[in-house]
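Line by line, the protein sequences are chains B and H. Residue 44 in numbering that gives the first Met the number 0 sits at position 45 of the first sequence, with consecutive numbering throughout. Residue 124 in numbering that gives the first Met the number 0 sits at position 125 of the second sequence, with consecutive numbering throughout.
These are computed hints drawn from the structure, not numbers from a lab. Fair warning: this is a prediction, and the values are worked out from it, not measured in the lab. Backbone N, C-alpha and C define an ideal beta-carbon position, used for all residues, glycine too.
Label pairs and their calculated CB-CB ranges:
1) GLU45(B) - GLY25(H): 42 to 52 Å
2) GLN201(B) - ILE60(H): 33 to 43 Å
3) PHE230(H) - ILE53(B): 55 to 65 Å
4) ASN1(H) - PHE232(B): 55 to 65 Å
5) ASP162(H) - ALA214(B): 36 to 46 Å
6) PRO62(B) - ALA57(H): 23 to 33 Å
7) GLY25(H) - ARG229(B): 51 to 61 Å
8) ALA57(H) - ASN236(B): 50 to 60 Å
9) ARG237(H) - SER149(B): 54 to 64 Å
10) GLN122(B) - PHE230(H): 28 to 38 Å
11) ASP188(H) - GLN201(B): 54 to 64 Å
12) ILE60(B) - GLY25(H): 42 to 52 Å
2 protein chains.
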Amino acid sequence: MNKALIVLSGGQDSTTCLYWAINEFGRDNVSSLSFDYGQRHKIELEAAKKVSEIAAVAHEILPIDTFSALGGNALTDDIDVQDEADDNDADIDGSLSDSSLPNTFVPGRNLVFLTFAAAYAYQRSIKHLVTGVAQTDYSGYPDCRENTLSSLEQTLRLGMEYDITIHTPLMNLNKSDTVALAEKLGAMDAMAYTHTCYNGEQPPCGHCQACILRAKGFAEANRADPLIERFQFFSRNRNDKTNDE
Amino acid sequence: MNKALIVLSGGQDSTTCLYWAINEFGRDNVSSLSFDYGQRHKIELEAAKKVSEIAAVAHEILPIDTFSALGGNALTDDIDVQDEADDNDADIDGSLSDSSLPNTFVPGRNLVFLTFAAAYAYQRSIKHLVTGVAQTDYSGYPDCRENTLSSLEQTLRLGMEYDITIHTPLMNLNKSDTVALAEKLGAMDAMAYTHTCYNGEQPPCGHCQACILRAKGFAEANRADPLIERFQFFSRNRNDKTNDE
Chain B
0 MNKALIVLSG
10 GQDSTTCLYW
20 AINEFGRDNV
30 SSLSFDYGQR
40 HKIELEAAKK
50 VSEIAAVAHE
60 ILPIDTFSAL
70 GGNALTDDID
80 VQDEADDNDA
90 DIDGSLSDSS
100 LPNTFVPGRN
110 LVFLTFAAAY
120 AYQRSIKHLV
130 TGVAQTDYSG
140 YPDCRENTLS
150 SLEQTLRLGM
160 EYDITIHTPL
170 MNLNKSDTVA
180 LAEKLGAMDA
190 MAYTHTCYNG
200 EQPPCGHCQA
210 CILRAKGFAE
220 ANRADPLIER
230 FQFFSRNRND
240 KTNDE
Chain H
0 MNKALIVLSG
10 GQDSTTCLYW
20 AINEFGRDNV
30 SSLSFDYGQR
40 HKIELEAAKK
50 VSEIAAVAHE
60 ILPIDTFSAL
70 GGNALTDDID
80 VQDEADDNDA
90 DIDGSLSDSS
100 LPNTFVPGRN
110 LVFLTFAAAY
120 AYQRSIKHLV
130 TGVAQTDYSG
140 YPDCRENTLS
150 SLEQTLRLGM
160 EYDITIHTPL
170 MNLNKSDTVA
180 LAEKLGAMDA
190 MAYTHTCYNG
200 EQPPCGHCQA
210 CILRAKGFAE
220 ANRADPLIER
230 FQFFSRNRND
240 KTNDE
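Let the hints inform the model, and build the full structure from the sequences given.
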């Protein structure tokens, strides 16, 4: 029996991967894992929990205190996230050079997550890890690239003497392709509860790099974002109620 | 300026590496890092602190909660450590096969430690990591082998876009060579405060695999273990005092 573990951030990409894995391995063989690494926005973990409930797969959250101890990053510390408008070096379609990594870069973050996930998988006889990294991602994080992930897979196989495979179904997809894939896999109900906004806002702020990239993907795929629709629905209901009064 | 970071467990090997690094990079360029990963024996962390004080280098402890959450191992859980006498599969000089890893094996432990250490180093512009792993170690941990460490170095370089080097000065030394190296580097004062015993005893239990291996190394190097001498000294003083009374 092939079992698979999805590293689930609660965002659009990992949620799509969760449905990819259900399609590939069967729902009963799939479980999800999230990390509480001191992220400023606990809403991500709530999103991961909710998405796993909707997908009907087991979900666990593991704490990693160390990232907050390491410090110096906008995702864990009280540092302003760079907005698209402020960030001259960022190219929303291209990659970033070494010197212009955005301040949301936590060095080695995915390496640590996947290594922990591999250790977790080892102890549960799970041989397939699935992660939503994409080298087409605007941010150009070096730990999301194909060559890094291949090297990591090799390191984990050697270091644990364990025949583990890292699957990266979104590696070469752009955001619009990812939206189309999510639609095809029936992930849109769960998509309405994902979290993307770097500023931790709900409804999403709409102006951070993550929100802009997400909106662009849905626009190019010609599909309304179920997350936005959910808030519009609430907002409409609230307005209707106000008008009734 | 070349700065180096030593992953310091507080044991014999990492202490020897600390002195190797001082010799190689100069005391002012060396610092040490330990992980509080829920190990049953906090005495290891006290040893690392004491050793760093004696060596006069900066020392920091980072917490990693996740290993205890992962569970299932004798170094973090309340599971009996296999004694040499009980362990038919263990060969004190040779390597262990996949299926006979001792129950002190935490899968991926060194991979996680070194990845965290690399992230820590990245944020401090440190480009040299030093670790006391040795593939000659009786335990045969796959994450201590040369090919694993080379692969990890490559993964870290790719994943952080950072020119980091992992030094493993003890990789091909046996315990007796390590004792001789420690002596040559002037590490024996610090060696008296290292901790090795898997059962967390002080003075060391003398019968766990770690104690036996350490004793064997000192015996073969024809050198008294400063740690044992320290306790014999205390014990002698206590006896003298008892006799005086």
